[in-house]
Amino acid sequence: MGLHIVGAHQVTHQPLTFALGKAFQFDWSEEGPLIFGLFRRIQIYHMKLRASRAF
1 MGLHIVGAHQ VTHQPLTFAL GKAFQFDWSE EGPLIFGLFR RIQIYHMKLR ASRAF
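In full-length UniProt numbering, the protein residues as written are 1 to 55.
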């Protein structure tokens, strides 16, 4: 994750830094599981702190 700055003949990479707990990754999905014999449409969100070592 970072910011890319493109000049006339060079590319500079400026990494973005955040304090612990100040940035997170958010994903949203829509699923269609079969529950008790019926198809249901459910919406799920996933949130993970960027400093987490869960993955």
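Worth flagging that the hints you see were computed from the coordinates, not collected in a lab. A hint or two may mislead.
Unchecked claim - Label-pair ranges, simulated between beta-carbon atoms:
{"id": "1", "residue 1": "16", "residue 2": "42", "range": "48 to 54 Å"}
{"id": "2", "residue 1": "13", "residue 2": "40", "range": "16 to 22 Å"}
{"id": "3", "residue 1": "23", "residue 2": "44", "range": "18 to 24 Å"}
{"id": "4", "residue 1": "45", "residue 2": "13", "range": "27 to 33 Å"}
{"id": "5", "residue 1": "40", "residue 2": "17", "range": "46 to 52 Å"}
Built from N, CA and C at the ideal position, the CB exists for glycine as well.
Hint by hint, here is what the structure shows:
1. Against the hinted window of 48 to 54 Å, the Cβ-Cβ separation of residue 16 and residue 42 comes to about 33 Å, which falls outside the hint.
2. Restraint check, residue 13 to residue 40: a C-beta distance of roughly 44 Å breaks the suggested window 16 to 22 Å.
3. For the hinted restraint 18 to 24 Å between residue 23 and residue 44, the CB-CB distance of approximately 21 Å keeps it satisfied.
4. Roughly 30 Å separates the CB atoms of residue 45 and residue 13, a value that falls within the hinted 27 to 33 Å.
5. Taking 46 to 52 Å as the suggested C-beta distance range, the pair residue 40 and residue 17 does not conform, at roughly 42 Å.
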